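Going down the list, the protein sequences come from chains A and B.
Taking the numbering used here, the leading residue of the first sequence gets 1456, the next gets one more, and so forth.
Taking the numbering used here, the leading residue of the second sequence gets 20, the next gets one more, and so forth.
It should be emphasised that the hints constitute simulated quantities derived from the structure, not laboratory data.
Since we're looking at a predicted model, the values are computed, not measured.
Don't take every hint at face value.
Claimed, not checked - Okay, derived cross-link-like pairs now, DSS-like style, lysine-lysine, Cα gap no bigger than 27 Å in a straight line:
id	chain 1	residue 1	chain 2	residue 2
1	B	K85	A	K1550
2	A	K1531	B	K60
3	B	K85	A	K1531
4	A	K1512	A	K1523
5	B	K60	B	K74
6	A	K1550	B	K60
7	B	K33	B	K83
8	B	K83	A	K1550
9	A	K1550	B	K33
10	B	K60	A	K1536
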Amino acid sequence: GQNIDQPTEMTATEGAIVQINCTYQTSGFNGLFWYQQHAGEAPTFLSYNVLDGLEEKGRFSSFLSRSKGYSYLLLKELQMKDSASYLCAVYNTDKLIFGTGTRLQVFP
Amino acid sequence: GAVVSQHPSRVICKSGTSVKIECRSLDFQATTMFWYRQFPKQSLMLMATSNEGSKATYEQGVEKDKFLINHASLTLSTLTVTSAHPEDSSFYICSARSGGGEQGVTGELFFGEGSRLTVL
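Based on the sequences and whatever the hints tell you, model everything.
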């Protein structure tokens, strides 16, 4: 079976740093994506990891450990507009399977 | 960047009617399109993979006779919800894969804007 797990909800304060974890067990692996989704909108691409290590892109960074089946998304200098759902997705051979999603709420 | 357009964005229908949702890749040819549904406060669930010129591949638990998928051209896939019922009310999102992606994956994935279906 396919399992991609994330915490359901997280809260943080504006200006802080938050780490959203994702663990996965899939039959195949061709990369891991992170998407941001605001309520009622389609997901937007944030990052992609296929090799182990940290990928940094501005305020957002994503880490992958294939041996551990683990990834995290790190958000720095949080802003109110970062309040959204964050979806971890594994590219499994030829399709993208989404995790449960994490709803992040940023407070002033 | 590449654009995927989905239409309609919102649709309300009566129970028992059929609804068609279109997904178009506007500036690239999409050999593969994916259809997802998303219930409130839940993640995206893959329904089916649509390949141009061949039958769609449905995920376990998805009724192929209820959710008809047609991918007749490289730029258009349609999802028809037949005999819709209130439990089919959901947010349906398509995504399309281009021929080659900057991330090195076989085709970068782009999402449509989503279609919110409400069945009364």
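- Message: Run the distance test for B/K60 versus A/K1536: straight-line Cα separation, threshold 27 Å.
- Response: Holds - the C-alpha atoms of A/K1536 and B/K60 are around 18 Å apart, at most 27 Å.
- Is the straight-line distance between the alpha-carbon of B/K83 and that of A/K1550 27 Å or less? Between B/K83 and A/K1550 the Cα gap is close to 18 Å, so the pair holds against 27 Å.
- Item | 27 Å Cα cutoff - pair A/K1550, B/K60 | 22 Å, holds
- Message: Just to be careful, I want the Cα atoms of A/K1512 and A/K1523 compared with a cutoff of 27 Å; is the pair within it?
- Response: OK: A/K1512 and A/K1523 at ~23 Å, within 27 Å.
- Is it true that the CA of A/K1531 sits at most 27 Å from the CA of B/K60? 24 Å, holds
- Would the pair B/K33 and B/K83 pass a check requiring their Cα atoms to be no farther apart than 27 Å? 21 Å, holds
- Pairwise hint evaluation, A/K1550 against B/K85, where the allowed Cα distance is 27 Å at most: 22 Å, holds
- Task: Compare the distance between the alpha carbons of A/K1550 and B/K33 with 27 Å, and conclude whether the hinted pair is satisfied.
- Result: 33 Å, violated
- Message: For B/K85 and A/K1531, compute the direct alpha-carbon distance and say whether it is at most 27 Å.
- Response: 44 Å, violated
- When you check the alpha-carbon spacing of B/K60 and B/K74, does it fall within 27 Å? Cα-Cα ~31 Å, so violated.
Of the numbered hints listed earlier, those contradicted by the structure are 3, 5, 9.
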